[in-house]
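S.K.: Sequence:
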Amino acid sequence: MSKKIIVIIAIAISIVSCNKQAAEVAAVKTAYVDTSVLMKEYTATKDLDAKYKAKGEEKGRQLQAEIDRFKQEAQNFQAQAQANGQAWAQQKGAELQKREQQLAQAQQALSQQLQQEGGTEMDSLVLNVKKTIKAYGKEKGFTYIYGTGDSNASILYAEDKLDI
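Numbered by mature numbering (1 follows the signal peptide of the UniProt record, and there is no 0), the letters in the sequence shown go through residues -22 to -1, 1 to 142 in order.
Since the hints were derived computationally from the structure, they do not count as laboratory data.
Certain hints may be false.
[Claimed, not checked] Once the Cα atoms are required to be at most 30 angstroms apart in a straight line, the calculated DSS-like pairs of lysine-lysine come out as:
#1 K118 with K139
#2 K33 with K109
#3 K33 with K139
#4 K108 with K18
#5 K31 with K109
#6 K112 with K139
#7 K29 with K18
#8 K18 with K109
#9 K37 with K70
[Said to hold, decoys possible] Per label pair, the in silico range of CB-to-CB distance:
#10 L103 with E36: 14 to 24 angstroms
#11 A9 with K139: 15 to 25 angstroms
#12 S129 with Q69: 46 to 56 angstroms
All C-beta atoms in this analysis are idealised placements derived from N, C-alpha and C, irrespective of residue type, glycine included.
Given only the sequences and the hints, what does the whole structure look like? Please build it.
M.R.: As structure tokens, then:
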């Protein structure tokens, strides 16, 4: 008889503990954010893209004017090479080569500068978005907010107590 009571108590305890876990699982509130769509449609991202596009076009115009002058000089060089002799042609050709290299380096430096500046601002913007999502998750009572997108999928917010 006592064995039956012990078995019944053990079954009752296991049922109660299973119900407790089920209740805890039911309280989990989750959502997800498609981060690629969010960043594509976010006004601040669009503004940042427009800013660097305009900056690139402005600086690119200045550099393009230099390139156009160089091309004109190169055309003039070809026309004048025969008239001015081989020594002049070699000297002028070396000058033009050096200038061409300088222009290529200037183009590369401009591209790198714009990428670095834009990357720094984009990192700051992404950090701000993550903070906003975290605050939203806490305010609305979410347990987890997942991020999904083209390049990454991650947890954007989780209650601290769930970190193992």
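S.K.: If a hint holds in the structure, say so; if it does not, say that too.
M.R.: Quick rundown of the hints versus the structure:
The suggested pairing of K118 with K139 holds, with an alpha-carbon distance near 17 angstroms, which does not exceed 30 angstroms. About 28 angstroms separates the Cα atoms of K33 and K109, which keeps this hinted pair within 30 angstroms; it holds. For the suggested pair K33 and K139, the alpha carbons sit about 46 angstroms apart, so the restraint of at most 30 angstroms is broken. Taking the CA atoms of K108 and K18, the gap is near 15 angstroms; set against the 30 angstroms cutoff, the hint holds.
For a cut-off of 30 angstroms, the pair hint linking K31 to K109 stands: about 27 angstroms separates their Cα positions. The hinted pair formed by K112 and K139 meets the criterion: a straight-line CA distance of about 15 angstroms does not exceed 30 angstroms. Simply put, K29 and K18 have alpha-carbon atoms about 15 angstroms apart, close enough for the 30 angstroms limit, and the pair holds. As the CA atoms of K18 and K109 are separated by approximately 18 angstroms, the hinted pair is consistent with the 30 angstroms bound.
Between K37 and K70 the alpha-carbon distance is near 28 angstroms, which keeps this suggested pair within the 30 angstroms criterion. Between L103 and E36 the C-beta distance comes to about 22 angstroms, which sits within the given range of 14 to 24 angstroms. Evaluation of the 15 to 25 angstroms hint for A9 and K139 yields a pass: the beta carbon distance comes to about 18 angstroms. The supplied range of 46 to 56 angstroms is met by S129 and Q69, whose beta-carbon atoms lie about 51 angstroms from each other.
Checked against the numbered hints given earlier, this structure breaks only hint 3.
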